[in-house]
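Enquirer: Listed below are the residues making up each chain.
There are 2 protein chains.
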Amino acid sequence: MPQPTERPVVRLRPGRRGRERAPWHYADEVVLDRRTRAIPAGAVVALEDAERRPLGAAAFNPGSKIALRLLDPDPAAAIDADWLARQIGRALALRAALFDAPFYRLAHAEADGLPGVIVDRFGDVAVVQPNAAWAEVRLPALVEALTAVAGVTTVVKNAGGRTRGLEGLDAEGAVFGAPLDGPVEVPMNGATYFADLAGGQKTGLFYDQRPNHAFAARLGRGRAVLDVFAHVGGFALAALAAGAASALAVDGSAAALALAERGAAAGGAAERFEARKADAFDAMPALGAEGRRFGLVVCDPPAFAPNKAALEAGLRAYERVARMGAALVEPDGFLVLCSCSHAADLARFREASLRGVARAGRAAQIVHVGGAGPDHPVHAELPETAYLKALFLRLA
Amino acid sequence: MPQPTERPVVRLRPGRRGRERAPWHYADEVVLDRRTRAIPAGAVVALEDAERRPLGAAAFNPGSKIALRLLDPDPAAAIDADWLARQIGRALALRAALFDAPFYRLAHAEADGLPGVIVDRFGDVAVVQPNAAWAEVRLPALVEALTAVAGVTTVVKNAGGRTRGLEGLDAEGAVFGAPLDGPVEVPMNGATYFADLAGGQKTGLFYDQRPNHAFAARLGRGRAVLDVFAHVGGFALAALAAGAASALAVDGSAAALALAERGAAAGGAAERFEARKADAFDAMPALGAEGRRFGLVVCDPPAFAPNKAALEAGLRAYERVARMGAALVEPDGFLVLCSCSHAADLARFREASLRGVARAGRAAQIVHVGGAGPDHPVHAELPETAYLKALFLRLA
Numbered sequence: 001m002p003q004p005t006e007r008p009v010v011r012l013r014p015g016r017r018g019r020e021r022a023p024w025h026y027a028d029e030v031v032l033d034r035r036t037r038a039i040p041a042g043a044v045v046a047l048e049d050a051e052r053r054p055l056g057a058a059a060f061n062p063g064s065k066i067a068l069r070l071l072d073p074d075p076a077a078a079i080d081a082d083w084l085a086r087q088i089g090r091a092l093a094l095r096a097a098l099f100d101a102p103f104y105r106l107a108h109a110e111a112d113g114l115p116g117v118i119v120d121r122f123g124d125v126a127v128v129q130p131n132a133a134w135a136e137v138r139l140p141a142l143v144e145a146l147t148a149v150a151g152v153t154t155v156v157k158n159a160g161g162r163t164r165g166l167e168g169l170d171a172e173g174a175v176f177g178a179p180l181d182g183p184v185e186v187p188m189n190g191a192t193y194f195a196d197l198a199g200g201q202k203t204g205l206f207y208d209q210r211p212n213h214a215f216a217a218r219l220g221r222g223r224a225v226l227d228v229f230a231h232v233g234g235f236a237l238a239a240l241a242a243g244a245a246s247a248l249a250v251d252g253s254a255a256a257l258a259l260a261e262r263g264a265a266a267g268g269a270a271e272r273f274e275a276r277k278a279d280a281f282d283a284m285p286a287l288g289a290e291g292r293r294f295g296l297v298v299c300d301p302p303a304f305a306p307n308k309a310a311l312e313a314g315l316r317a318y319e320r321v322a323r324m325g326a327a328l329v330e331p332d333g334f335l336v337l338c339s340c341s342h343a344a345d346l347a348r349f350r351e352a353s354l355r356g357v358a359r360a361g362r363a364a365q366i367v368h369v370g371g372a373g374p375d376h377p378v379h380a381e382l383p384e385t386a387y388l389k390a391l392f393l394r395l396a
Numbered sequence: 001m002p003q004p005t006e007r008p009v010v011r012l013r014p015g016r017r018g019r020e021r022a023p024w025h026y027a028d029e030v031v032l033d034r035r036t037r038a039i040p041a042g043a044v045v046a047l048e049d050a051e052r053r054p055l056g057a058a059a060f061n062p063g064s065k066i067a068l069r070l071l072d073p074d075p076a077a078a079i080d081a082d083w084l085a086r087q088i089g090r091a092l093a094l095r096a097a098l099f100d101a102p103f104y105r106l107a108h109a110e111a112d113g114l115p116g117v118i119v120d121r122f123g124d125v126a127v128v129q130p131n132a133a134w135a136e137v138r139l140p141a142l143v144e145a146l147t148a149v150a151g152v153t154t155v156v157k158n159a160g161g162r163t164r165g166l167e168g169l170d171a172e173g174a175v176f177g178a179p180l181d182g183p184v185e186v187p188m189n190g191a192t193y194f195a196d197l198a199g200g201q202k203t204g205l206f207y208d209q210r211p212n213h214a215f216a217a218r219l220g221r222g223r224a225v226l227d228v229f230a231h232v233g234g235f236a237l238a239a240l241a242a243g244a245a246s247a248l249a250v251d252g253s254a255a256a257l258a259l260a261e262r263g264a265a266a267g268g269a270a271e272r273f274e275a276r277k278a279d280a281f282d283a284m285p286a287l288g289a290e291g292r293r294f295g296l297v298v299c300d301p302p303a304f305a306p307n308k309a310a311l312e313a314g315l316r317a318y319e320r321v322a323r324m325g326a327a328l329v330e331p332d333g334f335l336v337l338c339s340c341s342h343a344a345d346l347a348r349f350r351e352a353s354l355r356g357v358a359r360a361g362r363a364a365q366i367v368h369v370g371g372a373g374p375d376h377p378v379h380a381e382l383p384e385t386a387y388l389k390a391l392f393l394r395l396a
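Top to bottom, those sequences are chains D and H. Residues in the first sequence are numbered consecutively from 1, following the working numbering. Residues in the second sequence are numbered consecutively from 1, following the working numbering.
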């Protein structure tokens with residue numbers, strides 16, 4: 001690692017006032033010349049504003065649209081194993097205040113002072129997504145810090161993140177420490193989930209929906225529950241643990257449904273659990289035609305509007321999901337509609353969802369609006385990165 | 001009560017397309033002539049749009065800015081004791097799904113199909129705020145329905161609502177059924193609160209902060225907690241119940257603090273509880289000067305920006321509270337900032353709060369953003385009435 005004394009200086013272009021505390025800077029905000037272009041991707045530089053005032057130590061990547069990521073307000077800060085251990089220690093302290101068991105998102109990138117780095121913890125296993133070049137080149141130190149500070153025995157490098165390509169990084173995963181021995185058991189909201197950390201979707205399990213799982217589970221007590229886009233059974237298993245009469249999980253992935261089934265069995269709820277491998281847009285009308293109705297319907301689809309270009313089509317898809325889901329809700333039952341689309345803000349998503357519900361001929365009360373759990377903190381300068389929305393409705 | 005057959009017709013003015021499903025209509029949206037002006041305040045009318053299409057049965061008040069409040073999509077629906085019992089029954093069913101004990105907001109006005117009517121329930125006691133003329137003239141039927149459906153033995157009429165004057169209603173309270181015998185004991189989040197339903201602020205206790213009390217209480221475990229604008233100890237007592245090392249409640253009302261003290265004693269936490277009667281803006285700098293620091297500071301002030309005219313001054317007050325509160329937070333401690341201002345939306349409130357925190361020289365992570373509890377549902381056509389914001393920050 002370069003010593004602070006030999007750290008290159010990179011300067012912001014003029015006219016960027018108010019962006020001094022920003023956690024990152026795009027390439028077009030930065031003075032890029034032959035010297036800076038020669039700085040290797042992932043190097044730490046001393047960042048200055050256009051008037052040469054120091055802004056801090058930043059990670060630089062001349063090949064990325066996000067050219068600079070602020071690491072430390074001290075421009076001379078050593079970004080070494082000790083520094084990584086301090087950042088992880090602070091992130092860990094927040095989770096220790098929030099949770100009783102070591103199952104959570106341990107580091108949520110910029111908001112936890114680790115730009116571009118996601119760490120999900122599953123007991124003794126940490127899954128790292130080093131989605132920025134600075135972290136990729138420091139992976140051994142990151143693994144060491146996670147092992148030392150969090151006490152994990154296995155660190156999985158997940159290189160499946162969509163943004164790695166933009167940083168010039170490959171998609172090759174790795175496992176450090178003790179090898180994985182099948183899916184990991186994850187206790188959450190009284191249920192037991194199984195997360196396939198080697199081959200699973202993203203990091204095998206989504207922690208962000210935890211408070212929404214809990215809220216829905218309460219509403220589902222004594223009711224028939226339908227979990228559409230169920231993945232490994234996030235909503236279904238929490239509902240069964242809380243006392244749902246039954247839960248039907250619909251997903252397109254047989255592998256995910258098999259893990260959901262295993263979770264239901266581990267919770268002693270195998271007899272109340274049913275899985276259906278199907279496309280959600282086919283399954284919902286089919287269930288309607290079969291005369292099936294539910295006291296609680298949850299639709300947690302993939303991001304239909306991941307970016308601005310997909311916004312209008314995405315909103316139409318959310319409206320369609322809402323309409324189809326609403327048709328399956330018993331009178332005075334509940335409908336939970338989720339969106340993890342960055343491009344669709346709460347107002348637009350709510351509007352599309354309520355339009356869909358109205359088209360199904362149902363009147364709605366908004367009982368609750370949930371977001372991502374607190375192990376997904378948000379950077380003070382990036383409040384708009386709160387991407388997850390869960391709309392809890394009661395339908396007359 | 002007028003029979004449907006003799007129900008007068010009131011019509012919307014042209015050009016109000018898209019407002020057909022609105023829960024209320026302002027006087028300037030309505031055709032007002034000598035005939036309609038003669039309809040008594042609180043009468044039920046058959047509402048039609050400008051093209052004479054029926055929109056439903058509505059409560060009419062020619063003397064109010066809100067001239068019409070939609071009661072039922074059926075223009076001939078009898079708005080009688082049975083109708084009230086059905087509305088209350090539906091509201092009750094939602095709370096039964098949400099809570100194990102009968103302590104909650106039982107009816108939240110438009111969102112529960114009871115326009116202008118607030119009902120808070122404290123076990124056997126219901127506190128009704130009939131803030132619209134239609135409910136005021138039907139109070140005996142409302143009391144009867146509450147008694148029959150919810151099984152309460154006492155109904156308190158609270159006529160202190162600010163909006164009653166706009167409806168031409170007086171401020172005279174009343175008690176129906178069994179008389180009140182001192183403050184009522186309210187179990188919530190593991191703590192015991194005391195609510196003075198006869199003389200207390202608003203309805204004696206705010207249920208809307210319940211989930212935020214719970215979230216803060218978890219963060220306060222093992223920490224010294226400061227509850228500023230504490231009222232009857234909402235945050236302080238929940239924190240003590242969850243295991244806070246200590247809690248200091250600051251409020252300007254000695255009566256409220258006495259109830260908080262009583263709650264702390266009832267929870268066996270009298271020795272960890274301290275109360276200070278003071279103005280918050282004096283108390284916070286004073287605590288700083290005394291060298292007091294806290295692991296969790298909560299500031300839940302009254303609405304500084306209740307309306308648009310008060311917005312700018314209100315935001316400055318929120319910024320000041322944030323700055324003063326942040327100065328009292330230990331390194332890596334938590335700051336919770338609340339706003340119940342309708343005029344300040346989340347974005348403006350968050351901006352003012354984070355500016356205040358930055359002025360105190362502290363860096364913040366946004367850990368969680370909370371709203372009002374689910375016993376405060378929101379009408380699908382009025383999503384902007386979600387007024388309560390609670391910002392949970394960790395400060396480096």
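These are calculated hints, taken from the structure and not from any lab test. Cβ atoms here follow ideal geometry from the backbone N, Cα and C, with glycine treated the same way. Where hints are given, some of them may not hold.
[Unchecked claim] Derived Cβ-Cβ restraints for the label pairs, each shown as a range:
| # | chain 1 | residue 1 | chain 2 | residue 2 | range |
| --- | --- | --- | --- | --- | --- |
| 1 | D | Gly160 | H | Pro331 | 35 to 45 Å |
| 2 | H | Ala396 | D | Pro8 | 55 to 65 Å |
| 3 | D | Ala363 | H | Arg162 | 22 to 32 Å |
| 4 | D | Gly243 | H | Ala148 | 24 to 34 Å |
| 5 | D | Glu172 | H | Ala96 | 46 to 56 Å |
Enquirer: So, for every hint listed, does it hold in this structure?
Expert: Outcome of the hint check:
1. Look at glycine 160(D) against proline 331(H): about 36 Å separates their beta carbons, and that is inside 35 to 45 Å.
2. Distance hint for alanine 396(H) and proline 8(D): a CB-CB separation of about 27 Å, inconsistent with the stated range 55 to 65 Å.
3. Look at alanine 363(D) against arginine 162(H): about 29 Å separates their beta carbons, and that is inside 22 to 32 Å.
4. Judged by the Cβ atoms, the range 24 to 34 Å given for glycine 243(D) and alanine 148(H) holds: they are separated by roughly 29 Å.
5. Take glutamate 172(D) and alanine 96(H): their Cβ atoms lie about 53 Å apart, and the range 46 to 56 Å holds.
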